[in-house]
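10 protein chains.
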Amino acid sequence: MADPKILETFANPAPRRDYVIEHTHHEFTSVCPLTGHPDFATITVRYIADKTCVELKSLKLYFHAYRNEGIFFEAVTNKICDDLGAVLKPRQLTIVADWNGRGGVTSRITADWTLPKRAARRR
Amino acid sequence: MADPKILETFANPAPRRDYVIEHTHHEFTSVCPLTGHPDFATITVRYIADKTCVELKSLKLYFHAYRNEGIFFEAVTNKICDDLGAVLKPRQLTIVADWNGRGGVTSRITADWTLPKRAARRR
Amino acid sequence: MADPKILETFANPAPRRDYVIEHTHHEFTSVCPLTGHPDFATITVRYIADKTCVELKSLKLYFHAYRNEGIFFEAVTNKICDDLGAVLKPRQLTIVADWNGRGGVTSRITADWTLPKRAARRR
Amino acid sequence: MADPKILETFANPAPRRDYVIEHTHHEFTSVCPLTGHPDFATITVRYIADKTCVELKSLKLYFHAYRNEGIFFEAVTNKICDDLGAVLKPRQLTIVADWNGRGGVTSRITADWTLPKRAARRR
Amino acid sequence: MADPKILETFANPAPRRDYVIEHTHHEFTSVCPLTGHPDFATITVRYIADKTCVELKSLKLYFHAYRNEGIFFEAVTNKICDDLGAVLKPRQLTIVADWNGRGGVTSRITADWTLPKRAARRR
Amino acid sequence: MADPKILETFANPAPRRDYVIEHTHHEFTSVCPLTGHPDFATITVRYIADKTCVELKSLKLYFHAYRNEGIFFEAVTNKICDDLGAVLKPRQLTIVADWNGRGGVTSRITADWTLPKRAARRR
Amino acid sequence: MADPKILETFANPAPRRDYVIEHTHHEFTSVCPLTGHPDFATITVRYIADKTCVELKSLKLYFHAYRNEGIFFEAVTNKICDDLGAVLKPRQLTIVADWNGRGGVTSRITADWTLPKRAARRR
Amino acid sequence: MADPKILETFANPAPRRDYVIEHTHHEFTSVCPLTGHPDFATITVRYIADKTCVELKSLKLYFHAYRNEGIFFEAVTNKICDDLGAVLKPRQLTIVADWNGRGGVTSRITADWTLPKRAARRR
Amino acid sequence: MADPKILETFANPAPRRDYVIEHTHHEFTSVCPLTGHPDFATITVRYIADKTCVELKSLKLYFHAYRNEGIFFEAVTNKICDDLGAVLKPRQLTIVADWNGRGGVTSRITADWTLPKRAARRR
Amino acid sequence: MADPKILETFANPAPRRDYVIEHTHHEFTSVCPLTGHPDFATITVRYIADKTCVELKSLKLYFHAYRNEGIFFEAVTNKICDDLGAVLKPRQLTIVADWNGRGGVTSRITADWTLPKRAARRR
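Residue numbers (this note's numbering), protein chains in the order written: chain E, 1 to 123; chain D, 1 to 123; chain P, 1 to 123; chain F, 1 to 123; chain G, 1 to 123; chain Z, 1 to 123; chain U, 1 to 123; chain R, 1 to 123; chain A, 1 to 123; chain B, 1 to 123.
Next up, chain E with everything else stripped away, as it sits in the complex (with noise of 0.2 Å):
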């Protein structure tokens, strides 16, 4: 399974503003875990960072690594989500993911990260 040790970081420039990042990767692939058959996305990675931002060459190989993973649509849309959270701890991240039709229809999945647990207690 795609490993988050791929992704690398770099300091925030500018961690007193508030400001957002949007990285759409248009060729996600990955397979049915069910029937083997590839499946195609379109994934947004929209977040506000706090200390690290991602570097782009690594989230695209992060990316990369799940060519030839088998991988259901929700499972996949929060273990991005899961993982660039733990990587990144942002101020707000948001990971959407548009599949391509399969049998006349087409899905899209929408999460938020929150800070798990411990942050919620403290909120």
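None of these hints come from the bench; they were simulated from the model.
Pairs of lysine to any residue, SDA-like flavour, derived with a Cα cap of 25 Å:
| id | chain 1 | residue 1 | chain 2 | residue 2 |
| --- | --- | --- | --- | --- |
| 1 | G | 79 | F | 108 |
| 2 | D | 51 | P | 17 |
| 3 | Z | 79 | A | 22 |
| 4 | G | 57 | G | 13 |
Sample of chain G residues with no beta-carbon within 12 Å of chain E, all distances over it, derived:
| id | residue |
| --- | --- |
| 5 | 4 |
| 6 | 13 |
| 7 | 98 |
| 8 | 110 |
Every residue gets a Cβ at the ideal spot worked out from N, C-alpha and C, and that includes glycine.
For this one, chain E is given, so just place chains D, P, F, G, Z, U, R, A and B on it according to the hints.
What follows is chains D, P, F, G, Z, U, R, A and B alone, placed relative to chain E:
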């Protein structure tokens, strides 16, 4: 009439997160109960899962089951909304049905699901 | 002038739900009362039904009845809004009329219906 | 029925050049002779003038004259072709009529004008 | 299987002119004979009439008759071509069928009609 | 400079309703006061009428009056806003001016009208 | 009337090659000689240069010179064709003028240049 | 490397007619042999069948077999053309491959099949 | 690095009105500091002027000054935001930078300007 | 000036087939030799290779080399055509350059390559 028992579910893989799942069926077709002529629509199911998600292939078969049913625009949209609400008991659910033009008129019906009766009392 | 008696209704099949019905007529045409030249518009009726819904074919015939009527943009939009409001007494109603260009100018009129007089007092 | 006498002409300002004039009327409407329902089309007149050109405003009024006429798609396209051919006697003339969809079917009729009678004999 | 006897004709109103008639049905649907899943296509009939034209409503009903037939892409396109050729005996006839995507693949079949038997002998 | 006296008004036919009137002029042109080169814009007037509406043809002539005037983007947008505000005294008024590209730069100016001086005091 | 002397030329940098140069002016405007109302067009100049090319800025100024001229669609297209033909004496030249809609009608005039006089005699 | 033995065929149902079959695969992906990065293309197979047609599902599986192959744009297009030509021996065959942009450059390769060996000798 | 002194201003012609000025530069280009390859973006400057507006030609020259600078997406967006904020001291300012795709990934950075340090204290 | 020695080639993998290779560079930029302002174009190279193909990355670097060169539209198109013709000696070569608008005018230059010198003699 399309039987909601066709709909299969699986356990929500991220039940602690309020994330949005959206499936759009571009090839819905049923029959006008008055004229017997076919109707065509694009139908979007958008929901926040609670304990279960709808299995995609069973959703498609559920839609196929309307193929030779005679049913009005308003009724079919509300029935889909009721059926999916009853099966998924989601945190939130919206059905949007966009009907192809007839005589120069296109139609869109949008319905939200809310917990019926007892749920309303608990609120 | 187009007679609102042409409009037929049927009982709202889901009166406990606030769902949105939207019919868009792409081929509305009337006549300019000054020049006699034809005008063309796309007219959208968007409403939340209370007790009754408008029957689609009668709505189309009601629109056809404007074909040879001389009437201004602002007036026809408000008349459609008044007629449908009076017949349906809906929970909410909006009329949007998009008029084709004349001399390089296109126009859009948007009107919401509210219960007249007595209803206003009750609020 | 729309009278070709409505059509006015003016002398071709560049008769020695074979240049193409194309007028596209986006708001043609007539009536179905069977159902009485309105039909809508976009009609293109494309011709190489010989001695005369058609005056644009009179062309528009000629098209307006079909507004309440009951006439079939094939017939109206051929009549426009015949009328403009007879009035302009152009070096070349093509009529293209694109009809709005009815019951999910759109239609296009394309007719070329050739000198009648004698031209037919020559074949 | 859809019966070509559904097709009705009327006398060509302009038999001396070679003009092109094109009807495009945007809502064709049949069933895959292997999987039973519905297929969807846009089908264009383009022809130069000789003695007869196809009546538009009967053409629509003829297309509707495929709704529950199991038939392959190549076969249905050729059958429509054969049926319309046999009924209309047109000067020229082309059928274009554009099939919705299945598993990321869309298909288009294009067939021209020529007089059978004797025409084949002449080659 | 374009004279606001060109603007004519008529009594609002539905003064008790807050409905939105929007006229979009797609062919506005004026002249750059520095270079003398023509500028082109699409200008939208969107307002809620109080006692009067602007007559459409006079609005068009008012826009035509800028054809040979040298005036900057910001100034012309504000002048149109001031002129229409003064003439209509509307409940609400917005002007949006979208200017064609110059040297790879397009511009949009959006201005809202508010009652000047005394009106501001009353609030 | 726009003076062709505005047009400047420079030596064709590749006279041994028949290559195509195409300039499209998206902001042409002149005035209707009957009504005084502005007309708008997109005008394409497409040519194969012989000895000289037209200088782009002078072409733009030549088009600007029509701004307040009253001239008909057919006439202005032919005049531009004649002027550029006379100045460039190109191997081939086509002018395409696409006029904005008036009363629901758009127009396109297409003219090719041929060497006048002597060329006409040769026919 | 993708094995042409994956391709299955069935007997052409209309061998006496020269009709065109076109399958477009929108989700082709292979790998750059130099960088290992994924490439994406839309590939169209357009042919006139002789004795056999390609079975659609086997064509899709044949395309899937390139998923992890390192192969250049020009080579893959020619290999697909050779493989389908050898299997189908069609009357005519064209492959069009449209590759997604890399560094601001998109590519399209178009290859026609001709009978090898003997056909080459005949030239 | 692009010098903010290139930016020229002029007095806001309507300082009492909060109106929005938006300039979109469609041809921004800089250089990747790692690879030296060119980057391309569309950059929008949207602001509510206080005392001064930015002069459009100087804004274009300021953007041109980045042509051969090596700078990252996040950094250049924040620098433009800082520079324009410092020069204009606007009531509100947003920079949106849409970067062309690289390896199938497009990016958008959106930054709002706020008065630095002392202004923040005053709030 | 961009040096054609940057262009690298590789052996045509299918020299017996006349197949078409098309590379489109969407981010070409050079500088106007008169004003120093940047120009932007989309440039298509379409050719039938003889013995060699152009290597894609070297083609991109060759285009990048124009970044700070002052050169006119007609000249740069012809130079690219000459350079690629000299390096590839293809069976056929076409260059299409589409230049972004300046002052409302867009331009397209299309040049075909023919073998120089001897080819010229043969004419």
